[in-house]
Amino acid sequence: MPDDSSPFDDPFADLFGKLPDGRSRGTGGAASASSEPSAPEPAEPAASAPASEGSSTPAPPSRRAAREARAAGTTGGTAGGTPSDSPLPTQPASPATSIPTDDDVPPELFWAAVAAPPASTQSLTSTSTSGPRADRPAPAPTGTLDDLFAGERTTDDIGMTPPPAERRRRRRGGWIALIVVLVLFGGAAAGGWWVWSTYEDKIREVLGWEEPQEYEEGIATGEAFLTIVSGDTGASISPKLYEAGVTKTPDAFYDYLVAEDLNPPFVPGVFRLQQQMTSAAALEAILDPANKMENTAQLREGLTVDQSIQILSDSLGIPLEDFQAAVADPSLYGVPVNEAVVAAGGQPLEGWLFPATYTFDPGVTAQQVIQTLVNRAVQSLDTAGVPVDDRERILTVASIIQREARFEADFYKVSRVIQNRLDQGMKLQMDSTAQYGYGELHDGTVSSSGEALTDNNPWNTYVIDGLPVGPIANPGDLAIDAAMHPEDGPWLYFVTVNLNTGETVFTTNYDDHLAAVEQWRQWCTDNPDAGC
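Numbered according to this note's numbering, the sequence shown spans residues 10 to 541.
In short, the hints are calculated from the structure, not lab data. Model, not experiment: these values are computed from the prediction. Glycine residues also receive a C-beta, built at the ideal position from the N, C-alpha and C atoms. Check each hint, because a few of them may be wrong.
Claimed, not checked - For each label pair, taking beta carbons as the anchor points, the in silico distance ranges come out as:
| hint | residue 1 | residue 2 | range |
| --- | --- | --- | --- |
| 1 | N300 | G195 | 29 to 39 Å |
| 2 | P371 | P273 | 43 to 53 Å |
| 3 | D338 | W202 | 53 to 63 Å |
| 4 | V526 | Q380 | 42 to 52 Å |
| 5 | P371 | D241 | 21 to 31 Å |
| 6 | G201 | T368 | 44 to 54 Å |
Input sequences plus hints: build the corresponding full structure.
The structure is reproduced here in structure tokens:
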């Protein structure tokens, strides 16, 4: 049997020989205050453990020798070293940690403790490791072996530390750099979009990217109607064709006439055409008598009574005087007479001639035509759920919406602006009402003159409070529905900033509104012939 003092008496001898000093339960675990371990002093080899031949390193003690040394109190010591008579090789002291003996520790906990390297071992290995992290101090552990044996920590916790401060600073710097890059790219993208949306036509012209003004030949489809009234020319018919979906751009038909040096005679009436036609094909169809619809009249949204009866006369071949007499007495059609409108010299049937395409039997009279239009307006009001005693007010609101809004969604937003301003006691200040009251509603521009804005008439909402005295135009189904169902929102202002596209900006405060007005003025400066 081997001697008990032999270093190979059991497999735990090497483990105990590697444990640092000051870790037995009896020492109290005194820890060094220094972050760097002290240099260990060489220990005298135990007399009962002779060194191997040819080696100056003392042989590890056996487990029995370790127990005897612990019983004799020779393993105690202060941080940084062990007494010279200790049978254990010395190691630098580590933070306060105690190791239970192999006699009173269950095997599974003992091996768990062995698997987790002590803090001092981490310090020694981190300072000797080569590579980019070799010169960094080892981070402090997040738990001790006492915590492990007490069940307060697991082996995964021992030695786990947050990343060094230097790495955290580098991460923060990386995030800041990323944010700066995103802001720069976002600003460039926003600026590029503004330039494109504002100067798209000019950019396309310079780069040769212009959109073709004409549809391709042979793709015409569907059905479209064009109404020509007395005095219409190529310049006034061209935008009508575009609005009806016949031509691709508002100026295509007029530009074609100019390029071909044509001045055809246009006959008043309603003409049946197709959508997506070339200008040449559209002109041919207009000049073909077979496409003129007999006893048919088409009224578009937003027309006044005076404009409507002129179209009716031209389309149906009924004298204008007959229509003027027919609209003089609204009571003939069941429409209540608005005495305030009559007193102000207005047309009491304003708003009641519903815009649509009508075909009548031969021999129809002017009064029968007007009755048909009024009946159609009542039908639209009933469909929208308008109470009988509220029809005039809804038609008034709807007529303003019809004249001010461009897109379907904008109809409901304009309705909300009107309602919000009325609720807050603000003047409506709608240009369409000022222009109507002053008689410049159809002068070819959207801007109001100074005289129109200051004229004291019951339609001018820049002067009066609340709604105008009556409707200012004939609204369609969409405008009537919007008057009944305004979209929810806080808007108090709006302005159309691009007359070609109809883009409208809605705002909630005066400063933002002024910025939108400036945007519109700049657009008008860049587009002097657009009808500003």
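Checklist entry - If you check the beta carbons of P371 and P273, does the distance land in 43 to 53 Å? => result violated, 28 Å
Checklist entry - Per the hint of 42 to 52 Å, is the separation of the Cβ atoms of V526 and Q380 within bounds? => result holds, 44 Å
Item to check | Satisfaction of the hinted span 53 to 63 Å by the C-beta atoms belonging to D338 and W202 | outcome: Given a distance of about 56 Å, which is inside 53 to 63 Å, the answer is holds.
Checklist entry - Would you say the C-beta atoms of N300 and G195 sit inside 29 to 39 Å of each other? => result With Cβ atoms ~53 Å apart, the hint is violated.
Item to check | Status of the given 21 to 31 Å range, CB of D241 versus CB of P371 | outcome: holds, 25 Å
Next on the checklist: Quick check on a hinted range of 44 to 54 Å for G201 and T368, using CB atoms only.
Outcome noted: holds, 51 Å
Checked against the numbered hints above, the structure violates hints 1, 2; every other hint is satisfied.
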